[in-house]
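Since the structure of chain A is provided, determine the placement of chain B on it from the hints.
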Amino acid sequence: MFNKIIIIPLMLLFITISSAQDLSLSGYARTYLGALTTGESEYSIIQNTFDLNFEHSRGDVYFKVNPFLYHYSDKNLELGLRQVYMDLYFDSFDIRIGKQQIVWGKGDGVFITDIVSPKDMREFLLPEFSEIRVGVTSLKFNYYLENSTFELVWIPVFTPTQMPEASSIWSINPNYPLPYSIDYSNSDVKNKLGNSELFAKYSLLSSEIDFEIMTGYSWDDDPAFHSEKIINTSTGIADSILLKPEHHRLATLGGSFSTTIGPVVLRGEGAFYNGKHFQSTSPLSAGGTSEKNYLHYLLGVDFSIGELKLSSQFIQQAIMDYDDSLINDEFENTMTFLASMDFLRETLNVEFFSYIGLNNGDALIRPKVTYDYVDGFQIMLGANLFLGNEGQFGRYDKNDMIYTKLKYSF
Amino acid sequence: MKLRNVLTLTLLTAAIFSISLYAQEELNGKKIIENVYYRPTGDDATSDLTMTLINSRGDERVREIQQFSKDYGKDEKSIMFFLSPADVRNTSFMNWSYDEEGRDDDQWIYLPALKKVKRISSDSKSDYFMGSDFAYDDLGDRHPSEDIHKLLREETINGDDCYVVESISKEEDYMYSKTVVWVSKDKWIGLKKEFYDEDGDHLKNLTVKKYDKIDGFWTILHSEMHNIQKNHRTIMKLKDLKLNTGIDDNMFTERMMKRGI
Chain A
20 MFNKIIIIPL MLLFITISSA QDLSLSGYAR TYLGALTTGE SEYSIIQNTF
70 DLNFEHSRGD VYFKVNPFLY HYSDKNLELG LRQVYMDLYF DSFDIRIGKQ
120 QIVWGKGDGV FITDIVSPKD MREFLLPEFS EIRVGVTSLK FNYYLENSTF
170 ELVWIPVFTP TQMPEASSIW SINPNYPLPY SIDYSNSDVK NKLGNSELFA
220 KYSLLSSEID FEIMTGYSWD DDPAFHSEKI INTSTGIADS ILLKPEHHRL
270 ATLGGSFSTT IGPVVLRGEG AFYNGKHFQS TSPLSAGGTS EKNYLHYLLG
320 VDFSIGELKL SSQFIQQAIM DYDDSLINDE FENTMTFLAS MDFLRETLNV
370 EFFSYIGLNN GDALIRPKVT YDYVDGFQIM LGANLFLGNE GQFGRYDKND
420 MIYTKLKYSF
Chain B
-7 MKLRNVLTLT LLTAAIFSIS LYAQEELNGK KIIENVYYRP TGDDATSDLT
43 MTLINSRGDE RVREIQQFSK DYGKDEKSIM FFLSPADVRN TSFMNWSYDE
93 EGRDDDQWIY LPALKKVKRI SSDSKSDYFM GSDFAYDDLG DRHPSEDIHK
143 LLREETINGD DCYVVESISK EEDYMYSKTV VWVSKDKWIG LKKEFYDEDG
193 DHLKNLTVKK YDKIDGFWTI LHSEMHNIQK NHRTIMKLKD LKLNTGIDDN
243 MFTERMMKRG I
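Chains A and B, in that order, give the protein sequences. Position 80 of the first sequence, counted from 1, bears residue number 99 in the working numbering, the numbering being contiguous throughout. Position 259 of the second sequence, counted from 1, bears residue number 251 in the working numbering, the numbering being contiguous throughout.
For reference, chain A alone in the conformation it holds in the complex:
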């Protein structure tokens, strides 16, 4: 409520100021209606969005604030600041201070080295990527030397992945053999200097190849669910489980590249993570988790056949020093496939995107048609189809939906 009291007048104030000052105003209004295709075609989402960008620059100083407002038919208003930051530009370096979305890597729709900004997973991977990434309050320093960039990011306050509420259709219920309760006492990372996150990246853009090398000392955005068995004092037998979510430190070393071979763009991205906690199949032993090092990488190609744009990626997650008690497979293989084509002088776009889980034979298929009725006004029709019964996509098999979005940009 406090947020609403503050932010709505603030947005109105900015709009007023923007008309009086040299403040640039842009953004969009969007209405989004989605219905499940299973059961009684229940609406899965009715959402109205207002997203604003206020920008101003004075010499070598630039300021941006990006408030957003989501209105749901069955919920209160959700308000927030997606980004609010200041840039200081110098001859050979820039400094950005404030809440900002930071995007790294060459992969599409996959988060391998792109781990600086956490994710909003309240609607799984369905929102636009600008809405999935959560801004982090941070200081970013970029030094430029010809076509090279050195980037340092200091994040003083940890922000975890935003997970769906328990009542959400996107919520995942842990599958334990006994009833469980959750103790959140260890789930917060205290706001103190020693709990900062640090990331560094070197990137080069050149005629032959573009590449990035990164490293990070951060917290795992996703908590590990440690477990304790609760012994019934009268029977002496474990009759329930206490789950204790906790974030752990994670060290990451990775990189990505992109180059052109004839008409094909070849992309790759990979990272080694030290200290990732995986859930064990035996929650009654060893705290329910096991710490392992792990690799995550992809190879992808982009090419065209006539006016049809095609893109595909192979992605593998590999747990090192694997033991059979882990719930995750030792190797988890996923593919993505994108086909896109424009018609009617690029006013009509037909797109087909899919994630395919190779381990479980599951998939998320996302066809959509977008029509620019007039410049800046889009009508979109699409579907999100989950195939399979298990796996990261198949577990949402009951969430197949069709949707429409109307978006007015200004």
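Hints may be right or wrong, so weigh each one.
Claimed, not checked - Simulated coverage check for chain B against chain A, where a stretch passes if three residues somewhere in it have a Cβ under 8 Å from a Cβ of chain A:
# : segment
1 : 75 to 86
2 : 90 to 102
3 : 105 to 113
4 : 229 to 239
5 : 243 to 249
Said to hold, decoys possible - Below, a list of computed lysine-lysine pairs in the DSS-like style, where the Cα atoms sit at most 30 Å apart:
#  : chain 1 : residue 1 : chain 2 : residue 2
6  : B       : 107       : A       : 387
7  : A       : 118       : B       : 107
8  : B       : 250       : A       : 426
9  : B       : 177       : A       : 83
10 : A       : 118       : B       : 110
11 : A       : 83        : A       : 118
12 : A       : 83        : B       : 250
13 : A       : 424       : B       : 250
14 : B       : 107       : A       : 424
15 : B       : 179       : A       : 387
16 : B       : 23        : B       : 234
17 : B       : 205       : B       : 23
18 : B       : 231       : B       : 110
19 : B       : 177       : B       : 229
20 : A       : 387       : B       : 23
21 : A       : 248       : A       : 263
22 : B       : 202       : B       : 23
23 : B       : 231       : B       : 250
24 : B       : 142       : B       : 222
25 : B       : 231       : B       : 142
26 : A       : 424       : B       : 108
27 : A       : 426       : B       : 108
28 : A       : 387       : B       : 110
29 : B       : 250       : A       : 118
30 : B       : 205       : A       : 387
31 : A       : 209       : A       : 248
32 : B       : 222       : B       : 66
33 : B       : 234       : A       : 426
34 : A       : 83        : B       : 231
35 : B       : 110       : B       : 250
36 : A       : 424       : B       : 201
37 : B       : 205       : A       : 118
38 : B       : 22        : B       : 179
39 : A       : 426       : B       : 107
40 : B       : 110       : A       : 83
Note that these hints are calculated values from the structure, not bench results. Here the structure is a predicted model, which means the values were calculated and not measured. Just so it is clear, CB atoms sit at the ideal spot from N, CA and C, and this is done for glycine as well.
Okay, now just chain B, sitting in the frame of chain A:
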């Protein structure tokens, strides 16, 4: 939005129409087109480009771009910042083109929604630029060696004496069976160009509506591409053209693609 094989309209001017004051003796089709290609056009250029797309019903859509280009010997770097329509604002596109025969351009696009600079292939030269009637290859720095050129005749257009040159691609599956360009003899800029499709049918006409001498270089400021078969038109207008302002090399970097103007 497709963004491939794009150079600035300044380059369009240079590559397709402009021509240097070479000695006129022994001029043949090939030499005219080579002169077009190698004509000096200033070391750098900046301008605002407005592109108006008009359909057969007369409905208009407007795209606005700010563009910068700079020569590096015979190679060139250019960068475009999209200002409108609103849903493409802050998108930028960078192209590094090379004189070396057969070497493809390097191209990148920055999409603000993704916050990523993506390398893209410069292969689809037959795609249309931002839904206009200009194919990417119409805008690009097409090397003279890619076509066989023939001087057909001499004609006068609106008082300008012109060479009429026919160009046929050496590539079998090229999108045009031939093009014919009218090049002004005294101003050495092209005033008209006809494009014929793969079946040999007349596809579209490019007509220069206004040109001027800016900083010593003849420059096209207003042109129109008319797709005869579909009755589409695209009008391109240049504003605030500045040549040889000494654009910094840092303009053509990933930093500027993300930062914008």
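Going down the list of hints, with the structure as the test:
Counting residues of the segment 75 to 86 of chain B whose beta carbon lies closer than 8 Å to any beta carbon of chain A gives 5, which meets the minimum of three for the stated coverage. Taking a C-beta to C-beta cut-off of 8 Å, the segment 90 to 102 of chain B contributes 3 residues in contact with chain A, enough for the three needed, and the coverage statement holds. Evaluation of the coverage hint for the segment 105 to 113 of chain B: fulfilled, as 9 residues show C-beta separations to chain A shorter than 8 Å, against a requirement of three. Counting residues of the segment 229 to 239 of chain B whose CB falls under 8 Å from any CB of chain A gives 0; the rule of at least 3 is not met.
Counting residues of the segment 243 to 249 of chain B whose C-beta sits closer than 8 Å to any C-beta of chain A gives 3, which meets the bar of three, so the coverage hint holds. Taking the CA atoms of residue 107 of chain B and residue 387 of chain A, the gap is near 22 Å; set against the 30 Å cutoff, the hint holds. The hinted pair formed by residue 118 of chain A and residue 107 of chain B meets the criterion: a straight-line CA distance of about 15 Å does not exceed 30 Å. A distance of roughly 24 Å separates the Cα atoms of residue 250 of chain B and residue 426 of chain A; the hinted pair therefore holds under the 30 Å criterion.
Pair hint residue 177 of chain B plus residue 83 of chain A does not hold up; C-alpha atoms about 52 Å apart against a cutoff of 30 Å. Distance check on the hinted pair: residue 118 of chain A and residue 110 of chain B sit about 24 Å apart at the alpha-carbon level, within 30 Å; holds. Distance hint between residue 83 of chain A and residue 118 of chain A is fulfilled; the C-alpha atoms sit about 10 Å from each other, no more than 30 Å. For the given pair, residue 83 of chain A sits about 14 Å from residue 250 of chain B by alpha-carbon distance, which is consistent with the 30 Å threshold.
Under the criterion of a C-alpha separation no larger than 30 Å, the hint pairing residue 424 of chain A with residue 250 of chain B is consistent with the structure, at around 28 Å. For the proposed pair residue 107 of chain B and residue 424 of chain A, the alpha carbon gap of about 22 Å is at most 30 Å, so the pair holds. Between residue 179 of chain B and residue 387 of chain A the alpha-carbon distance is near 51 Å, which puts this suggested pair outside the 30 Å criterion. Note on residue 23 of chain B and residue 234 of chain B: the hinted pairing holds, with a Cα-Cα distance of about 29 Å set against a maximum of 30 Å.
For a cut-off of 30 Å, the pair hint linking residue 205 of chain B to residue 23 of chain B stands: about 23 Å separates their Cα positions. Only pairs whose Cα atoms come within 30 Å are accepted, and residue 231 of chain B paired with residue 110 of chain B is accepted, the gap being roughly 29 Å. Distance check on the hinted pair: residue 177 of chain B and residue 229 of chain B sit about 24 Å apart at the alpha-carbon level, within 30 Å; holds. Taking the CA atoms of residue 387 of chain A and residue 23 of chain B, the gap is about 50 Å. The hint is violated against a cut of 30 Å.
Taking the CA atoms of residue 248 of chain A and residue 263 of chain A, the gap is about 11 Å. The hint holds against a cut of 30 Å. Using a Cα cut-off of 30 Å, the hinted pair residue 202 of chain B and residue 23 of chain B holds, with the two alpha carbons roughly 26 Å apart. At roughly 24 Å between alpha-carbon atoms, residue 231 of chain B and residue 250 of chain B fall within 30 Å of each other, so this suggested pair holds. For the hint pairing residue 142 of chain B with residue 222 of chain B, the CA-to-CA distance comes to about 29 Å; that is within 30 Å, so the pair holds.
Proposed proximity of residue 231 of chain B and residue 142 of chain B is contradicted: the alpha carbons are some 34 Å apart, above 30 Å. About 24 Å separates the Cα atoms of residue 424 of chain A and residue 108 of chain B, which keeps this hinted pair within 30 Å; it holds. Of the pairs offered as hints, the one joining residue 426 of chain A and residue 108 of chain B holds, with about 22 Å between alpha carbons and a cut-off of 30 Å not exceeded. For the hint linking residue 387 of chain A to residue 110 of chain B, the alpha-carbon distance of about 22 Å falls within 30 Å, and the restraint holds.
A C-alpha spacing of about 17 Å is found between residue 250 of chain B and residue 118 of chain A, which places the hinted pair at or below 30 Å, so the restraint holds. Our distance criterion of 30 Å between C-alpha atoms is broken by residue 205 of chain B and residue 387 of chain A, whose separation comes to about 48 Å. Note on residue 209 of chain A and residue 248 of chain A: the hinted pairing holds, with a Cα-Cα distance of about 27 Å set against a maximum of 30 Å. For the proposed pair residue 222 of chain B and residue 66 of chain B, the alpha carbon gap of about 37 Å is over 30 Å, so the pair is violated.
The hinted pair formed by residue 234 of chain B and residue 426 of chain A fails the criterion: a straight-line CA distance of about 37 Å is larger than 30 Å. Straight-line distance between C-alpha atoms of residue 83 of chain A and residue 231 of chain B comes to about 29 Å, which keeps the hinted pair within the 30 Å bound. For the suggested pair residue 110 of chain B and residue 250 of chain B, the alpha carbons sit about 11 Å apart, so the restraint of at most 30 Å is met. For a cut-off of 30 Å, the pair hint linking residue 424 of chain A to residue 201 of chain B is broken: about 41 Å separates their Cα positions.
Our distance criterion of 30 Å between C-alpha atoms is broken by residue 205 of chain B and residue 118 of chain A, whose separation comes to about 49 Å. This hinted pair checks out: residue 22 of chain B and residue 179 of chain B have alpha carbons roughly 18 Å apart, not beyond 30 Å. A C-alpha spacing of about 20 Å is found between residue 426 of chain A and residue 107 of chain B, which places the hinted pair at or below 30 Å, so the restraint holds. As the CA atoms of residue 110 of chain B and residue 83 of chain A are separated by approximately 24 Å, the hinted pair is consistent with the 30 Å bound.
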